[in-house]
Amino acid sequence: MVLHISSALTASALHPLLCFCFHNTYPEMENASGLHRQLASMKKNLFDQGYLDEQFYQLEELQDESSPNFVEEVVTLFFRDSSRSMANIDEALQQCPRDFHRLDKFLHRLKGSASSIGAAKMKNECTRLREFCSEENLDGCLRSFQKVKNDHTILRQKLENYLQLLRQVGPVDRASRSGS
Amino acid sequence: MAVDAEAQFHVLAVDDSLMDRKLIERLLKTSSFQVTTVDSGSKALEVLGLREDQTSASAVSPEHNGSSSLKDIPVVVMSSENVPSRINRCLEGGAEEFFLKPVQLSDMKRLRPHILKGRSKDQQLQREENSNTIIISSSGSKRKAMDEEPSPERTRLRFSTAI
Chain U
1 MVLHISSALT ASALHPLLCF CFHNTYPEME NASGLHRQLA SMKKNLFDQG YLDEQFYQLE
61 ELQDESSPNF VEEVVTLFFR DSSRSMANID EALQQCPRDF HRLDKFLHRL KGSASSIGAA
121 KMKNECTRLR EFCSEENLDG CLRSFQKVKN DHTILRQKLE NYLQLLRQVG PVDRASRSGS
Chain L
1 MAVDAEAQFH VLAVDDSLMD RKLIERLLKT SSFQVTTVDS GSKALEVLGL REDQTSASAV
61 SPEHNGSSSL KDIPVVVMSS ENVPSRINRC LEGGAEEFFL KPVQLSDMKR LRPHILKGRS
121 KDQQLQREEN SNTIIISSSG SKRKAMDEEP SPERTRLRFS TAI
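As you go down the protein sequences, you meet chains U and L in turn. The opening position of the first sequence corresponds to residue 1 in this note's numbering, with each subsequent residue numbered one higher. The opening position of the second sequence corresponds to residue 1 in this note's numbering, with each subsequent residue numbered one higher.
Some clues are possibly wrong.
As a list, the in silico EDC-like pairs of lysine to aspartate or glutamate whose alpha-carbon atoms are at most 20 Å apart [as the list claims (entries may be wrong)]: (1) U/K149 - U/D90; (2) L/K29 - U/E65; (3) L/K22 - U/E60.
Simulated from the structure, these hints should not be mistaken for lab results. Being a predicted model, the structure only gives us computed values, none of them experimental.
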């Protein structure tokens, strides 16, 4: 294939052409760098919007060749654990008469698991929810719990997308990544 | 990396949350500890009791006396709650140290000194079994209050039971 490159072409116009050639010659590498950029931007978004905090970095630090799917495994366990906690909380909030002491135990559990994966928004809302619970403020509890549920749903969607991308990037990219 | 089998430390991690067990196991293995995880205090005692009968290289000398060794295994407590009164109760009850969850890689360094302390004591008393072991346990929200116990040796065992 022959390319005529006019001197009037700017770098930004040239870039997609190069990507095109590059992609045809080295498809895996082009895919990897594009996916990698997407991954980085998704992660930045999660942090900037306060969904995740530094604890998530700790999870990534613990992932290596001997435990290559560690992040995904922990995140999966988190959603299983938190869904169960939330079902318990739902039930406790509807129970008559309300047992705020029992409710607090479920909240403690939920907050603990959120903090273990770095789910910052959820953790913070759980703290507020526990305050309402200690005041036996049912209305406050219901409103706050609704926020927790929303945060949970959004986080789940975002992390699922992130993990899906992470899977696609796979071992090839991890091996070639250097100091990123 | 050559690891001296004799020097390898064994951690028994107790936590009722599967997710937290997975995390602590990974933290410990990354820090070159041998790990066993269980989901309750009673299972922890069971595992320690069973180890008397195993003839694995890491473990147990044949002439050991079961009940005495359990009392001297150091215990570290972890919890997501930062409540000073509870933390003090743990420490007074015999815990060597308290880790705030989520536990970090940097916290792992704090385990060795406690194991080494326990080890030299065992060597002094000429006991080999469980001398490289430490228990790290989540206090959870199911913790029962600890009873008053005159003997400090018994306190540690009771502490394990109370988790």
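So, going through the hints one by one against the coordinates:
Distance check on the hinted pair: U/K149 and U/D90 sit about 10 Å apart at the alpha-carbon level, within 20 Å; holds. For the hint linking L/K29 to U/E65, the alpha-carbon distance of about 13 Å falls within 20 Å, and the restraint holds. A hinted pair counts as satisfied when its Cα atoms are at most 20 Å apart, and L/K22 with U/E60 qualifies at roughly 14 Å.
Against the hints set out earlier in the document, no violation occurs for any number.
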